[in-house]
Amino acid sequence: MMEYIQINKLLTTSIYKQIAASITQAIDRGDLKYNDKLPTEKEICQAFSISQTAVKMAYEKLINEEKIKRIKGKGTYVTNRDVYQGNLHNFYELELLEDKVTPKYNQKIVMFDKKTKDYGAYRELKIDKKEPTFQIIRVIRSGQNPVLLQKIFFPHKYFKNFEKQYQSFSNLFTFIEQTCNYKIAHLHSTFSAINASASEALLLRLEPDDALHYVRTKIVDKKGNIIAYIYNYFPGDFTEFEVIVHAI
Amino acid sequence: MPSNCLELITIDRRSRVPFDSQIKERIKGFILDQTLYYKTALPMPNELAKALNITEKKVVKAYQQLIEERFIKQELSGIYKVSYFELTNYFFDRNTAVYDAISTLGLTPSIRCVEKKVITLTKQEIEAIGFDASQSNKYFYINRLYLGDKQPIMLLENYLPLYIFKNIDQSFVGDEPLDAYIKAHYNLKAQISKRQIKAVNLDRTMAKLLNERPNAASIQSTNKVYDHLSRLIDYGRSHTISSYYFQTLVKKDDMVNAYPQFFNQSN
Numbered sequence: 001m002m003e004y005i006q007i008n009k010l011l012t013t014s015i016y017k018q019i020a021a022s023i024t025q026a027i028d029r030g031d032l033k034y035n036d037k038l039p040t041e042k043e044i045c046q047a048f049s050i051s052q053t054a055v056k057m058a059y060e061k062l063i064n065e066e067k068i069k070r071i072k073g074k075g076t077y078v079t080n081r082d083v084y085q086g087n088l089h090n091f092y093e094l095e096l097l098e099d100k101v102t103p104k105y106n107q108k109i110v111m112f113d114k115k116t117k118d119y120g121a122y123r124e125l126k127i128d129k130k131e132p133t134f135q136i137i138r139v140i141r142s143g144q145n146p147v148l149l150q151k152i153f154f155p156h157k158y159f160k161n162f163e164k165q166y167q168s169f170s171n172l173f174t175f176i177e178q179t180c181n182y183k184i185a186h187l188h189s190t191f192s193a194i195n196a197s198a199s200e201a202l203l204l205r206l207e208p209d210d211a212l213h214y215v216r217t218k219i220v221d222k223k224g225n226i227i228a229y230i231y232n233y234f235p236g237d238f239t240e241f242e243v244i245v246h247a248i
Numbered sequence: 001m002p003s004n005c006l007e008l009i010t011i012d013r014r015s016r017v018p019f020d021s022q023i024k025e026r027i028k029g030f031i032l033d034q035t036l037y038y039k040t041a042l043p044m045p046n047e048l049a050k051a052l053n054i055t056e057k058k059v060v061k062a063y064q065q066l067i068e069e070r071f072i073k074q075e076l077s078g079i080y081k082v083s084y085f086e087l088t089n090y091f092f093d094r095n096t097a098v099y100d101a102i103s104t105l106g107l108t109p110s111i112r113c114v115e116k117k118v119i120t121l122t123k124q125e126i127e128a129i130g131f132d133a134s135q136s137n138k139y140f141y142i143n144r145l146y147l148g149d150k151q152p153i154m155l156l157e158n159y160l161p162l163y164i165f166k167n168i169d170q171s172f173v174g175d176e177p178l179d180a181y182i183k184a185h186y187n188l189k190a191q192i193s194k195r196q197i198k199a200v201n202l203d204r205t206m207a208k209l210l211n212e213r214p215n216a217a218s219i220q221s222t223n224k225v226y227d228h229l230s231r232l233i234d235y236g237r238s239h240t241i242s243s244y245y246f247q248t249l250v251k252k253d254d255m256v257n258a259y260p261q262f263f264n265q266s267n
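Sequence lines, in order, name chains A and B. Residue numbering for the first sequence follows this note's numbering, beginning at 1 and increasing consecutively. Residue numbering for the second sequence follows this note's numbering, beginning at 1 and increasing consecutively.
Just so you know, the hints here were simulated from the structure itself, not pulled from any lab data. Some hints could be false.
Unchecked claim - Calculated cross-link-like contacts (lysine-lysine; reagent style DSSO-like; alpha-carbon spacing at most 30 angstroms):
hint, chain 1, residue 1, chain 2, residue 2
1, B, Lys194, A, Lys160
2, A, Lys218, B, Lys194
3, A, Lys33, A, Lys108
4, A, Lys126, B, Lys81
5, B, Lys252, A, Lys114
6, A, Lys129, B, Lys251
7, A, Lys130, B, Lys117
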């Protein structure tokens, strides 16, 4: 369970630096992920027959570098996590996951569904709640870390062939424009802050009640129809939007 | 649509948040996203309690809190109705003074000064913010609560350099609109404002001032305001009540310009 720690006592490099370096490398490689629990100081010193001071020093170095953190009574955890910084008006750039040259993000589709009980979505889509609506829930990630949780709603009346087409879904805009032949006119988004529910926290690797950016987006086509509706959830601690406002 | 409304209000039994807070937040959310409009009737407490399988007391408690926050009102008939009307995004993507924005919403604006003092920033702090480090390190700090119809909307802290706003600590009372004040006394005006937006949990002190529960989610905006000479004249940080929201419209053309690969597979 701690094979990512490597110590070579034949080297002149101090033991604590070796421990810190191997944990740092494991984090960089993705072997150790956000919220993973690290062995206790005692476990490491017993496994490698080294002094507890060396382990303590290694952990303190990593805590100072904000790569790990100690939670009282629970243990030591990996905490490093990229902060997504983007322009407020360009947050949809997270779709760059299809960019094959520099794949910044990857996605995990959590669920396809052919119906939804989300009345808020029905209301925003201006359709009756008896009308079937497809739903995709996905998590967009940077490496292993969730950057964005999305619930996307496609009303059946606009996506009649969804059940044949959904398997080619990966990039949202490509799917709407190329696969389903709609011409997007604009995205209308409402930004607010909410506390994470238990399931949102789980999918975003946060604690329940942590703050989230909650962005509800309507995708409007050239004919003025709201063809799709999205709930976007960004982890508050790991998301920063920038905007520049000019004087009128 | 009272019957629809009943289906909308749900609770998460695994959550650590008490049921009454959950109901309150849920209804508040629907009011804010306009699922429930001005004058929509809410289910009667006994009706909702039955549907959720909880005590009526909890529902009444949630409704009472919503009344206190002026989201709903109880009519003489006993029916609870939405009494809230929308907060627009005037605060956000225009360089409008918060004070003026509140009156644009049809609310009576007022400002309560929580704290004002002269402080000394360290060289690191000055450089990190981007103020002129060759000047005096004394800054005028104000922390003020902006209210609409006496209800808190935004808590705003400002750091104003005394090398630009000379003697402001002696003349600024604390409850006057800042933009108008610096225009009148220093003939300075915000030209560009750079903002950084985060979603954060409110700490106890801020929650109390904003009339929210501790840990409630809030939009935090860190602002750097520059004048016509591109001088940083004001560094501020605001926290808004959890019901605050703003909107953006992104046109397809702008998306194509920024990321043509989303729309042009033939390339």
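How the hints compare with the structure:
| no. | hint | verdict |
| --- | --- | --- |
| 1 | Lys194/B - Lys160/A | 44 angstroms, violated |
| 2 | Lys218/A - Lys194/B | 26 angstroms, holds |
| 3 | Lys33/A - Lys108/A | 16 angstroms, holds |
| 4 | Lys126/A - Lys81/B | 23 angstroms, holds |
| 5 | Lys252/B - Lys114/A | 28 angstroms, holds |
| 6 | Lys129/A - Lys251/B | 29 angstroms, holds |
| 7 | Lys130/A - Lys117/B | 59 angstroms, violated |
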